Each structure stands twice: as C-alpha cells, then as structure tokens.
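S.K.: So the sequence lines, in the order shown, correspond to chains A and B. Per the UniProt record's numbering, residue 1 is the first one in the first sequence, and the count goes up by one each step. Per the UniProt record's numbering, residue 1 is the first one in the second sequence, and the count goes up by one each step.
Take these hints with a grain of salt, some might be off.
[To be verified] Simulated crosslink set (DSS-like; lysine-lysine; CA at most 30 Å straight-line):
| hint | chain 1 | residue 1 | chain 2 | residue 2 |
| --- | --- | --- | --- | --- |
| 1 | A | Lys167 | B | Lys22 |
| 2 | A | Lys157 | B | Lys429 |
| 3 | A | Lys157 | A | Lys126 |
| 4 | B | Lys4 | B | Lys481 |
| 5 | A | Lys126 | B | Lys481 |
Think of the hints as simulated: they come from the structure by calculation, not from any bench. Since we're looking at a predicted model, the values are computed, not measured.
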Amino acid sequence: MSVDTDRTITVTVNGVPREATVPVRRLLSDALRHDLGLTGTHVGCEHGVCGACTVLVDGDPVRSCLMLAVQVDGHAVTTVEGLARDDHRGGQVLHPVQEAFRECHALQCGFCTPGFLTTIAAGLEKRDPAAELTDEEVDDMVGGNLCRCTGYANIKKAVHHAAAAMKDDAR
Amino acid sequence: MTTKLFGEPVRRREDARLIIGKGRYLDDIGSNALAAAFVRSPHAHARITGIDVEAALDVEGLVAIYTYDDLTGPMAEPLPVLIPHPQLTQPRTGHALARDVVRHVGEAIVMVVATDRYVAEDAAERIVVTYEELPVVVGVDAAHEAKAAVHPDVPDNVAARHRQETGDVEPVLAASPRTLSFTQYIERSASMPMEGRGVHAKWDTDDRSLRVYTSTQASTSVRAAIAAKLDLSLDKVEVIAPDVGGGFGVKIVHPWPEELLVPMAAIALGAEVKWAEDRREHFISSAHERQQRQDITVGYDDEGRITALDVHVLHDNGAYTPYGIIVPIITATQLVGPYVIPVYRVQVDSVYTNTVIVTPYRGAGRPQACYAMERTMDRIADELGLDRAVVRERNLIQPDQFPYDHQLTFQDGRPVIYDSGDYPGLMVKLKELVGWDEAEALRSEAAARGKHLGIGMALYVEGTGPGPYEGGHVQVLGSGKVLVSTGLTSQGQGHETAFAQIVASELGVPIEDIEVTTGDTRRFGYAVGTFASRAAVMSGNAIALAARGVREKALRIAADVLEVDASDLEIDEGLVQVKGTPGASIPLRTVAVLSNPLRYAFDEAAKQATQFTTHDDSKPPVAEGDAPGLEHRDYYSPLRSTFASGAHAAIVEIDPATWEIDIVKYAVVHDCGNVVNPMIVEGQVHGGVAQGVGGALYERMVYDKDGQLQNASYMDFLMPYSSEVPDVVIDHQQTPSPLNPLGIKGAGEAGVIPGTAAIASAIEDAVGRRIAAMPISPTELYDLVRSPDSERTAASSRRAENGVLA
Numbered sequence: 001m002s003v004d005t006d007r008t009i010t011v012t013v014n015g016v017p018r019e020a021t022v023p024v025r026r027l028l029s030d031a032l033r034h035d036l037g038l039t040g041t042h043v044g045c046e047h048g049v050c051g052a053c054t055v056l057v058d059g060d061p062v063r064s065c066l067m068l069a070v071q072v073d074g075h076a077v078t079t080v081e082g083l084a085r086d087d088h089r090g091g092q093v094l095h096p097v098q099e100a101f102r103e104c105h106a107l108q109c110g111f112c113t114p115g116f117l118t119t120i121a122a123g124l125e126k127r128d129p130a131a132e133l134t135d136e137e138v139d140d141m142v143g144g145n146l147c148r149c150t151g152y153a154n155i156k157k158a159v160h161h162a163a164a165a166m167k168d169d170a171r
Numbered sequence: 001m002t003t004k005l006f007g008e009p010v011r012r013r014e015d016a017r018l019i020i021g022k023g024r025y026l027d028d029i030g031s032n033a034l035a036a037a038f039v040r041s042p043h044a045h046a047r048i049t050g051i052d053v054e055a056a057l058d059v060e061g062l063v064a065i066y067t068y069d070d071l072t073g074p075m076a077e078p079l080p081v082l083i084p085h086p087q088l089t090q091p092r093t094g095h096a097l098a099r100d101v102v103r104h105v106g107e108a109i110v111m112v113v114a115t116d117r118y119v120a121e122d123a124a125e126r127i128v129v130t131y132e133e134l135p136v137v138v139g140v141d142a143a144h145e146a147k148a149a150v151h152p153d154v155p156d157n158v159a160a161r162h163r164q165e166t167g168d169v170e171p172v173l174a175a176s177p178r179t180l181s182f183t184q185y186i187e188r189s190a191s192m193p194m195e196g197r198g199v200h201a202k203w204d205t206d207d208r209s210l211r212v213y214t215s216t217q218a219s220t221s222v223r224a225a226i227a228a229k230l231d232l233s234l235d236k237v238e239v240i241a242p243d244v245g246g247g248f249g250v251k252i253v254h255p256w257p258e259e260l261l262v263p264m265a266a267i268a269l270g271a272e273v274k275w276a277e278d279r280r281e282h283f284i285s286s287a288h289e290r291q292q293r294q295d296i297t298v299g300y301d302d303e304g305r306i307t308a309l310d311v312h313v314l315h316d317n318g319a320y321t322p323y324g325i326i327v328p329i330i331t332a333t334q335l336v337g338p339y340v341i342p343v344y345r346v347q348v349d350s351v352y353t354n355t356v357i358v359t360p361y362r363g364a365g366r367p368q369a370c371y372a373m374e375r376t377m378d379r380i381a382d383e384l385g386l387d388r389a390v391v392r393e394r395n396l397i398q399p400d401q402f403p404y405d406h407q408l409t410f411q412d413g414r415p416v417i418y419d420s421g422d423y424p425g426l427m428v429k430l431k432e433l434v435g436w437d438e439a440e441a442l443r444s445e446a447a448a449r450g451k452h453l454g455i456g457m458a459l460y461v462e463g464t465g466p467g468p469y470e471g472g473h474v475q476v477l478g479s480g481k482v483l484v485s486t487g488l489t490s491q492g493q494g495h496e497t498a499f500a501q502i503v504a505s506e507l508g509v510p511i512e513d514i515e516v517t518t519g520d521t522r523r524f525g526y527a528v529g530t531f532a533s534r535a536a537v538m539s540g541n542a543i544a545l546a547a548r549g550v551r552e553k554a555l556r557i558a559a560d561v562l563e564v565d566a567s568d569l570e571i572d573e574g575l576v577q578v579k580g581t582p583g584a585s586i587p588l589r590t591v592a593v594l595s596n597p598l599r600y601a602f603d604e605a606a607k608q609a610t611q612f613t614t615h616d617d618s619k620p621p622v623a624e625g626d627a628p629g630l631e632h633r634d635y636y637s638p639l640r641s642t643f644a645s646g647a648h649a650a651i652v653e654i655d656p657a658t659w660e661i662d663i664v665k666y667a668v669v670h671d672c673g674n675v676v677n678p679m680i681v682e683g684q685v686h687g688g689v690a691q692g693v694g695g696a697l698y699e700r701m702v703y704d705k706d707g708q709l710q711n712a713s714y715m716d717f718l719m720p721y722s723s724e725v726p727d728v729v730i731d732h733q734q735t736p737s738p739l740n741p742l743g744i745k746g747a748g749e750a751g752v753i754p755g756t757a758a759i760a761s762a763i764e765d766a767v768g769r770r771i772a773a774m775p776i777s778p779t780e781l782y783d784l785v786r787s788p789d790s791e792r793t794a795a796s797s798r799r800a801e802n803g804v805l806a
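For reference, chain A alone in the conformation it holds in the complex (with noise of 0.2 Å):
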C-alpha cells in the first residue's frame, strides 16, 4: 500500500462505524471481506450479475463487487451479518427472512445465500407489510439473483413465509 494510492474511508457498517486505509482500486465486497473479517458476503462473479455480494448501502441493495470501497465513505452499508436485531438479553433475533429461509428450505450450500438475504430484506422493509404480497412482487424482489442449488421455489416459498410473518408483527 502506498500513500497516494490509500484513502481511510469511515464507514457506518451493521450500525457500527468503522475506519479503514484501503487502496482507491480496492472493491467494497473485498473491502468488507478482507479489510473488515465480515466474509458473509460473498463473491460469485466480480461482475454484477450473480447477486451473491449484494449488500445494502444506506438501504438500497447494491452489488459490491461493483462498487469501490471509497464510494461508501460517510455511507452505512449493511451485510447479512447486520440483518438480525439485538434481543436486549444479549442474544439476536433473526430477520423474518432469515426464519424463512430455514423453515423453507430455501438454501443448500448457501453461498448465493446472503445475496438473496439483503436484497428481500431491503424489498420486504420497503413496502407497506399490511398489504398483500403479490407473486409479481416476489418474482421481481427474486429476479435478479443466481441461485444454482434451489432452483428458486423455495426461495419465493420463503418471500411469502416472512412477508406473512412480518404481517403478523405489524399488527
């Protein structure tokens, strides 16, 4: 690493703000891998379309195979390590996604899995858990992941099981 190449970014990360000196061309889902030690995200492409890196940046989903580490300075990112909430008695409840996946069967080896995670999880926040789940919202929350393992049923199966659990919280 040199000087004029590093830049220290402060980053918001899973609620925790972070700093790290890392080089200008180093990419995010490295970044976090490798300069963080949150190896949850995973790369299956370095191109953008598998999905497996998907993390959130300030909520939105993004590929961070296809970002630069800098580009989040000042920003909160959010990886599967951050989706599950603090129970106040020390431990962690999952997401309602999370719950999903496992009760549906919704991963084999995983690895596409965290990709799949933070993406319906930013889909689920965002829309009004009152109203219905359509199947057109859950092929669009989907759409745009690689999965070789599931074949997808049981990861739409799983989008429904937490829209529905999430339903019931909201009442």
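Fit chain B to the known structure of chain A by using the hints.
M.R.: Just chain B now, with coordinates in the frame of chain A:
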C-alpha cells in the same frame, strides 16, 4: 423432540450458520495468507516459445513466480489419470504448469504469489509469454475428421473407443419389421457452482506438516494426491473441505493443478498461501460436460416394441482425460433406461478437442443417454402414429422382472442389474400429474389464443450409490454429545441433517446432541467422495451400521450395570431403559463414561469409571476383544449400484411472434426408494429441474473455431434466474432398494436427467418440426420452422390434414 426422525422433513441444522453469514467457505479462511494468481494460455493450441518474467519482478509485494521449470520430482510429471480403463487406450493429461505446449485456452502456465490478490494479478499481467500457434480442433465433428491433432501422437484424436453389446445386433435389425436411423446433437454446459474452486495451504515449519483446505468433493483423495506429488508422508498431510458453495460434479476432479501448486508454494515459502478462483478462470480452466453427437438406429415392430438398438456416440472429452471415460460409460450403460432392449450395441468414441476438459456435471452422461433413448421412443411413436406414452408403456420393464439384468458393465465395473422399481407405476402417476390425456384440449385452447402448445415426456433410470465404499464413525462422549463423521464431503446436500436423522433414529438420541462432520481427513481418513448420487446411500448406510455398533455396545454395558439382559433394553431420548419398567434406566452419557475404565477422575462424571469405584474383579477392566470408549466405526461396500428412477413431463407454449419457449407446466414423478428427509429430496429435485431447463433452453459453451470461449462470463452464459424456471409439481413413489440396510437410492442428480429430452419432445410436439439439436434458443427455433429443409413430424402432418395448425 422425537428420536425417530428417519423420513421426517427435519429443518436443516447447517442453516443456522449459513443464514447469518457465518459459513466458512474457502475464501473466508486465511485472511493473512499470500495470494496466488495464474497466467493462463490465451490460445487454444500453441507451443510456448518463451516466458519473460522480467517486468513483473519490480512489482512491490511480489513474493514468488513459478513456471514448469520450477517443478521437480513427481510434480514435473503429468497429472494423474484418475480412472484408468483398458479401453482408454490413449489417456493424456497436462502438467500442473504447462510444459512446452498448451492445448486449451485457460491452461495454467505461470503461478505468481504475492502479498494480496490485486498485487498477484498486477505481476501476472506483466509476465510476457510468447507462442507459436498450432492448428485448433473444436467440436466432435472436427475431432472426428482429424485434419489436425490435439496430441501429435494421437493423430485420429480418439482417446477411447468404449463398446458394449448384449448380442449380435445386425441380424436382428435386418429382420426387424421396421427400422429408423437418425442423428442428433447435444451441446456443452457446465456445473457452474456459485463458489468456484479454491485452495488454502498452510505449512507448519516446526511440525513439518501440511494443512490444506480445498473446495472439493473428494478430500481424502486430494490428500493422497498431494502426499504423492509433493513427496510427503500421508500422516503429514491433512485435507479439509470447508463449507463448499456447490459442486455439481466439477469439484470431484482432482488434483487440480492449483491443489498441488498452492501447497507446493506454501511449503517452499513457509507461509500460508491461498488461491480463490475467479469466474472467468472457472469458465476456461475447470471443466465442462454434455457435448455429444449421437447416431442411432433402432429396430421395432408394428406395435412399437423395440427389437434392437444400435448407438454410436461421438463424445467430446476436451483436451485431456484426467477423469477417464466415466461420462461415456455412463451414457453407454444408462441409455437403455427403463426399457427392455432385446439386443443393444453401443460404441462411444471419446475424442480430443482443444477445449476445456469434460468431466462429470450433475447427471454425468445420463442426460445425453436419456435424450438418445427418449427421443428414439418419440420417433417410433411418430412413425407409427401412436401415443408417445403408449409406445413407452409397451417397452417398459415390468415390476415382476426385477432384478433385471441388462447384461452391461457400469461405471463401477459392476453389472447393470436393476435392483427394484415400478416403471409402469411411474407412468400412471406422470400422466395423471401432467394431464397427459387432456393435452389435445389444451393445444386447441392455446391455438385459439394464437400460441403453439406441445407436451413431452421422458423417463430415466439412474444408477446411484456406486462403490467401492464409504465409512462412518459414531462416538458418544461422556457429556452425552454424539460425534458422527464420514469421509465424503458436502456441497449443500444437507448431510449434517440427514446423517444426524439416521443416527438419532438408529441410536435413540435427540438430534440436538448429534454433531456431524464430513470431508475432514482429521476425523475420517478413508473415503471415496461425493458424486453419482451416492452420499446418502453410501455414507448413510455406513453411519447407520456404525450407530448400530454403538447401540449394541451401549446395551451390553448398560445390561451389566442394570443387571438385566441386553435384549430387554431400549434406548430412547438418550436414556437406556428396561422396556416397560419405568425408572430402571441409565443415561447413555453415563454408559459412555463407564465404557472407558479410568485411573484418573478428571471431572465429576469420570469418578464413576475409576478403579476404586468399579468392583468386578473377575474380568479385566477392558475385556478381551473389547476396546475403551463408546464408539464404533463401520463401512458400507455394496455389491453393485442401486437404481433410482423417475419420469418428467413438460408442457410448453410457444409464441409465434417471438418464438419464445415458455414452460407452462413441469411434472416430476420420482422414486429414490426410502427417503431420509423428504424436504431435502424435493429440494434436490427442484434444483435438478432448474439445471435441466437451463441445459435444454439456455446454457451452452460457445467456442469459436479458434477455440476461444465466446461466453465465458455470467453476462453471456445464460444460467436460469427464477424467471426462467417453471413451477414444478412433484409426485413420489417409493420402491426400497433391497441392496442396502436402509433401503435407499440416490437422489442428487435425478432432477436434471430428463429435462433436455422432455422439453425437446414438447417443443417438437408444439411446432411439428423435428428437434435434433439441443439446447434450442428462440432464434434457432425460428430458423428451424422457417427452413425448407426442416423435417416435419408425421404427427404434425396428420394434424394439418385435420385442419389443426402445426
């Protein structure tokens, strides 16, 4: 929680870590490791005339550069031919780093090691390799013509001629009331797991031992290969498959060059070294499958019963044959499917081309076999004007014909003898599930909307669970925890759950107490690997036998303590108890403590087993023939494979404006014997069908005539997203295998096998034009329908006479 969990849809235990980002895949390991990158050939066939590394040397962070000249001893020799076969007369393999000649784009030439991957790629980019280009062979027809040779000492490009015959086919064909002959093609696809390959190696300079993590389907054999190639004693090498992000066959190949080179560098440098494959590398330097040309002649009678079948296959094995002729053998032997074929002859010529090697991808030669047989059935039905289902039914092996001996030799060197099945039963369920008999009404309804609708079906029989063996180890600890291990590896099949279910059921312990480890040579050193739908059959049965051994010992020890006969005892919820006598019991964890006579009480529980606590002076503390500990190791080694079966049907709707092919219904009937976890089996079917659809409509490896892979990225290689995968309806049938203690058959590959055949049949039915090359795109379908040379099906001509379109 009940302990009788065999057959229940138990939620997966591995998911707890995977859904929170705490999985541990290859590139998650060794955050401080040096990184390797490779200079790979940009030419499909060329002689290397020079390698100039000068410009790379001043890259800050460069650690080492290796070329073929740096390889010594066994590393300088060609990579192993993993599965030798007498008919593989011209086996050829490359070197870990290319020596003199490269034979496909992507072949590794130089390995660079640097402080991180970015720097390693910087250095690799500065290395200049010069080449003298050589003539390139692409495609089975060019290989067969042999105007150029991939290997100069194999001028006809034929690596192997695999031939099997069950009788004298020619006189039977000559005497058959009818015959027909045709040629068809199937293209290349690939496993394409979401996680590519990867290797991490750490050399302990004090202990002089090597630990390797690799994203493999066969850790024990990788270990043996590394020990052999790097001149290490086997006990100084341990190999672990961590969480693996999908395999689908490509990771059964080993040792990959990188699996040897990364450990070699780790030892030489005394440092941790890691290589994680990028997606382009995976396209051009791992493995593909499927490409074949099939020339088929079939004899049959006026009722559509087959009298003889003669098949000649040209199989593209790519530039080298490290995995032998397994894929051709499987095509040759699984082609006969669920049918009685009175006389069968098959020859598969496995040919070299200047392309990536061809090794098993889920299905491993079976999708091609099914495509050959099922499309033959379709042609017979068309010629005779019969229902395609009826022709199949007339040829099916009947339930009273098992065991059914096809007189063929399978991929494991064992006879193809079907152990059990009910193929007419599959057919009844399939027709019901898809609505076969209502298809004409659907066709008319679609035609009224201006759409072409067609239906197709395909049946298969799949040899699963080939040997030679797998093992299992079950150990109960004094804490009550039950450790289970097996040597084969996992890539998402849910082994931690399914194997725990087996142990919970066999041993009578809560599943929460069970911990399963797979693919770690530290825990289990003897194994074959995960391929050919064999993990549940092989390790599942081995683990069941090991659990039964533990149970027997536990009952024996408990019988002594409780002063009852062992046959009066049962184990439930981790408690050994006298049947029907509440209170007379001992926890299994206490039995585990007592099983190990002690001198030292290292904790409270251990006191029970120390020498002044136990009092029977008449016997030695450890009886003759016994061993301390409540554990058992056992192996399952089958006489031959067990044969699963199934039937798929697809209904497609085609828009004559865009020629887009929409699968509006996809039905699966599946028989894999007794099922350990139906949720997991259905998941396997869903995933397999998606790959079948991909192989039928989207996925192909597009090589140009120069051997350049034109679509080596996810942008251009069309893997199905959710929008491309139809909803699947599934029905089950269970004919247990009589060959193994649990009565199970493999389920991993089944879903992919009939996809290409069933979808080709449905498209042909929809457009009335013969489909003889798959996959097929909307553009190709448009061209086919428009071409004056395309062959019209007899069924479509008959429909036209009746005034129905297409």
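S.K.: Would the hint linking Lys167 of chain A and Lys22 of chain B be met if the CA-CA limit is 30 Å?
M.R.: Roughly 28 Å between the alpha carbons, so the hint for Lys167 of chain A and Lys22 of chain B holds.
S.K.: Please work out if Lys4 of chain B and Lys481 of chain B have their alpha carbons no farther apart than 30 Å.
M.R.: This hinted pair holds, its Cα atoms lying about 18 Å apart.
S.K.: Is the Cα-Cα distance between Lys126 of chain A and Lys481 of chain B 30 Å or less?
M.R.: 44 Å, violated
S.K.: For the pair we were handed, Lys157 of chain A and Lys429 of chain B, check the Cα-Cα distance against 30 Å.
M.R.: OK: Lys157 of chain A and Lys429 of chain B at ~25 Å, within 30 Å.
S.K.: CA of Lys157 of chain A to CA of Lys126 of chain A, is that 30 Å or under?
M.R.: 19 Å, holds
Figure legend: structure checked against the earlier numbered hints; the only hint not met is number 5.
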